[in-house]
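*Asks:* Residues per chain are reported as follows:
Number of protein chains: 4
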Amino acid sequence: MHEKLRTPMIIVNFKTYLEATGRKAVDLAKKAEKVSHETNVSVGVAPQFADIAAVAEAVAIPVLAQHVDPIRSGGYTGHVLAESVKEAGAVGTLINHSERQLKFSDIDQIINIMHENGLTSVVCANNPRISAAVATLKPDIIAIEPPELIGTGIPVSKAQPEVITGTIDLVRKINSDVIILCGAGISHGEDVAAALKLGTQGVLVASGIVKAKDPYAVLREFADATKQ
Amino acid sequence: MHEKLRTPMIIVNFKTYLEATGRKAVDLAKKAEKVSHETNVSVGVAPQFADIAAVAEAVAIPVLAQHVDPIRSGGYTGHVLAESVKEAGAVGTLINHSERQLKFSDIDQIINIMHENGLTSVVCANNPRISAAVATLKPDIIAIEPPELIGTGIPVSKAQPEVITGTIDLVRKINSDVIILCGAGISHGEDVAAALKLGTQGVLVASGIVKAKDPYAVLREFADATKQ
Amino acid sequence: MHEKLRTPMIIVNFKTYLEATGRKAVDLAKKAEKVSHETNVSVGVAPQFADIAAVAEAVAIPVLAQHVDPIRSGGYTGHVLAESVKEAGAVGTLINHSERQLKFSDIDQIINIMHENGLTSVVCANNPRISAAVATLKPDIIAIEPPELIGTGIPVSKAQPEVITGTIDLVRKINSDVIILCGAGISHGEDVAAALKLGTQGVLVASGIVKAKDPYAVLREFADATKQ
Amino acid sequence: MHEKLRTPMIIVNFKTYLEATGRKAVDLAKKAEKVSHETNVSVGVAPQFADIAAVAEAVAIPVLAQHVDPIRSGGYTGHVLAESVKEAGAVGTLINHSERQLKFSDIDQIINIMHENGLTSVVCANNPRISAAVATLKPDIIAIEPPELIGTGIPVSKAQPEVITGTIDLVRKINSDVIILCGAGISHGEDVAAALKLGTQGVLVASGIVKAKDPYAVLREFADATKQ
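Chains as they are written, first to last, in our numbering: chain L, 286 to 513; chain H, 286 to 513; chain X, 286 to 513; chain D, 286 to 513.
Incorrect hints may appear among the rest.
The list treats identical chains as interchangeable, and a pair is accepted whether it falls inside one copy or across any two copies.
Below 20 Å or equal to it, Euclidean Cα-Cα: the simulated PhoX-like pairs (lysine-lysine) are [as the list claims (entries may be wrong)]: (1) K443 with K309; (2) K319 with K309; (3) K496 with K423; (4) K458 with K319; (5) K309 with K458; (6) K443 with K319; (7) K289 with K309; (8) K289 with K482; (9) K388 with K423; (10) K458 with K423; (11) K458 with K388; (12) K482 with K319; (13) K315 with K388; (14) K315 with K443; (15) K498 with K315; (16) K512 with K496; (17) K315 with K482; (18) K498 with K423; (19) K289 with K496.
FYI, nobody ran anything at the bench for these hints, they're computed from the structure.
Chain L extracted, bound-state conformation (with noise of 0.2 Å):
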């Protein structure tokens, strides 16, 4: 069985890096779990789809698609059916990704699938007002993101911290249950921690972790952190 998430969290999104593709999804994965089980922080990696199932066949910590379409079963050639991502192990997906945005309706629709499948829902938001309006629709974690700051190295949680606690004041009026992540720029163990400490619940990472030159060393410094 595949551990759960838990927080504080740190979910590392594999995007369609060749560092992170393959093999090297699986390598990275285990890297994931040993600073998983050795803190143990919650760690969560997001590989391809294609590689989903080698990754969860080889980890035990969380393993979650990077997109799901608002599908049910049946002729719908060259899409991403939730059934289809569980059974290979994944045990939820991003959603509205700033690389793959989607129609207000069809993430209500993918939050109603992912729940009917006992799936996690992480709804990715631009800014604020997007968290909000995400948090009336009930996912259970939201994870906001500055999309002029993801790849960057520049931490949102230092260069933009009033996008978080703005994000934080707006979305609890609205849902007082929804776990709230952010992302963007985070690049060392700080940036995690200064996270943390304006009220977040763990972070949503990439090329910090996929594209460092050693991503294990990095991925501890960050679980590290969000004991501070």
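Based on the hints, put chains H, X and D in the right spot on chain L.
*Replies:* Just chains H, X and D now, with coordinates in the frame of chain L:
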């Protein structure tokens, strides 16, 4: 090593049918392999992304993705990278299926990416004019499927033979190498035989096999019909 | 100067019906103006982009665009700029109609652009949950339309009253100012009266007026019904 | 009656530039008409949808839409109906501009709709391969525009002459009738002359005219250059 597609061929599109998801995708692929090995007819299977690895591990027949995105590696969360499906075991992909239609320039780019990766491109087209346009882009295979017949059980090879012959005429003026398949409504061996007699080199099928009570028996009938 | 929308209101969406294209769009708008001036009920019209100027010149009632793109001026060939429809005479726009659905972040951006240009934003939503999500973005008007009833002649206000009351309940917890309309299947004055009794402040209609044998008579019936 | 496009031709795409919106669109169109009548060179203008009617009323030169949707009349809120832009005064439309790219099958359908309505189809293409593919669909005009040069002021006719000659070679093998234009970075009369010498029958321009300090002077230079 996986076998290569060769003519005459039958490609089975698993779509997002639950009957062809997860373990059932592997089971169906094994039946396809059995038919292929018994009859020496080339049979390819196109499972969902998350099932490619398990299917490719279980069978030696050609495995195709149902879609690939026009992207290079990088920050493309939730997209499908050619290198990813290749490493999972796919030898090619469907492109522009009527349920996953693409922009003109994206089809062009995906064909290029397939070529660079040594993968087979199977571009779907709705009508003879579009088939001819696709032919100029030099994919390996064109599959003509009138969308109004998909899933109906009314075989294109009998209901609209002029669509198939018209396609072949137009395409051959432009491209003498591309393999031409047809699909939509193919349900019986005689539909397959009719398709080949009209000049195609195989068929693209989905519900006719996936939703059949006995997929093995129907696929065997299809394979035998290619020899008539 | 064009009149402003005020409650109770009737907005007539001309869609791309030939009965409401070109000169016929102007004719229909004049009938709407006649009803509005006779009854003193606010009636807005939403013609196609190319008809906005002629309609706005012909009538004094509020003219809306059917869509605006989330763009600033620049290199956006084939897109719809807020400033363009404003200069043509529109006082606002429909946003996210179920026939023209948008990404989450685009709705947010269009509402902002509308606000900056002093234009009215009428955001359409499919269900109560989405209406509540939209309410957090602070548009001027929300129009709830169950897509399965659009164009059916089965009035939402009678067939699904709980959708309307559910919407009002959820929206009012978040936003006490936004005007709430409903639409889909509104065909008779009693449907309009029912919608207002359920707590909406007006209706969004299309085929019920555009395709009516006598659009003036039906619209007059609608306007009179707002006074019951 | 509006004039028809004839070779050699210059088509000015107004995009969504504020310098070519509303009254400024009419002003710019009048300058284009002045140049056309002074030089007897065919100049077409493509304003935004909401400006088509006013522009078409003000000038006798050909007016084009920037986009039309692949729809018939009906329930298509926020879409662009061919009949609507035609009645507003357009004699044709741009299709598949790199800023408004379309699905393969949609381009095919729009060309058909244009033909049925007696309207001119100007299909944009990114590269020679796509131009050849488009040529099979038998539009009236193909405009080749390498997207990386659009808006740069680096003229395609000088920076990438092989793109133009390659396009002409491939297209002429398939379609001997279609008019071939080129665009992207055209800023000076010599760029226009170079384009014609390479074998095109005109140019598609945007910022080179719209953003010029003296659009009349630059357009006059372009028109004169077609006679070199």
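*Asks:* All the hints need checking, so say for each whether the structure fits it.
*Replies:* Hints and how they fare:
Taking identical chains as interchangeable, the C-alpha atoms of K443 and K309 are never at most 20 Å apart, the minima being 31 Å within one chain and 45 Å between chains. Taking the closest pair of Cα atoms, K319 and K309 come within 20 Å of each other only inside a single copy of the chain (15 Å); across copies the shortest separation is 33 Å, beyond that limit. Taking identical chains as interchangeable, the C-alpha atoms of K496 and K423 are never at most 20 Å apart, the minima being 33 Å within one chain and 36 Å between chains. Taking the shortest Cα distances, K458 and K319 never come within 20 Å of each other, neither inside one copy (37 Å) nor across copies (45 Å).
Proximity of K309 to K458 under the C-alpha cut-off of 20 Å is found in neither arrangement, the shortest distances being 42 Å within a copy and 45 Å between copies. When the C-alpha separation of K443 and K319 is checked against a cutoff of 20 Å, the pair qualifies neither within a copy, at 28 Å, nor between copies, at 57 Å. In this assembly of identical chains, the alpha carbons of K289 and K309 never lie at most 20 Å apart, being 23 Å within a copy and 26 Å across copies at closest. Taking the shortest alpha-carbon separations for K289 and K482, neither the intra-copy value of 23 Å nor the inter-copy value of 47 Å comes in at or below 20 Å.
With identical chains, the CA atoms of K388 and K423 are at most 20 Å apart both within one copy (16 Å) and between copies (18 Å). In this assembly of identical chains, K458 and K423 lie within 20 Å of each other by CA distance both inside one copy and across copies; the values are 13 Å within and 15 Å between. For the homomeric pair K458 and K388, neither the shortest alpha-carbon distance inside one copy (24 Å) nor that between copies (24 Å) is at most 20 Å. For the identical chains of this complex, K482 and K319 are neighbours neither inside a copy (25 Å) nor across copies (59 Å), given an alpha-carbon limit of 20 Å.
In this assembly of identical chains, K315 and K388 lie within 20 Å of each other by CA distance neither inside one copy nor across copies; the values are 34 Å within and 35 Å between. Taking identical chains as interchangeable, the C-alpha atoms of K315 and K443 are never at most 20 Å apart, the minima being 29 Å within one chain and 53 Å between chains. With identical chains, the CA atoms of K498 and K315 are at most 20 Å apart within one copy only, with a shortest distance of 16 Å there and 42 Å across copies. Proximity of K512 to K496 under the C-alpha cut-off of 20 Å is found in neither arrangement, the shortest distances being 24 Å within a copy and 53 Å between copies.
Taking the shortest Cα distances, K315 and K482 never come within 20 Å of each other, neither inside one copy (28 Å) nor across copies (53 Å). For the identical chains of this complex, K498 and K423 are neighbours neither inside a copy (37 Å) nor across copies (40 Å), given an alpha-carbon limit of 20 Å. Taking the shortest alpha-carbon separations for K289 and K496, neither the intra-copy value of 26 Å nor the inter-copy value of 35 Å comes in at or below 20 Å.
In terms of the numbered hints stated before, the structure departs from hints 1, 3, 4, 5, 6, 7, 8, 11, 12, 13, 14, 16, 17, 18, 19, listed from lowest to highest.
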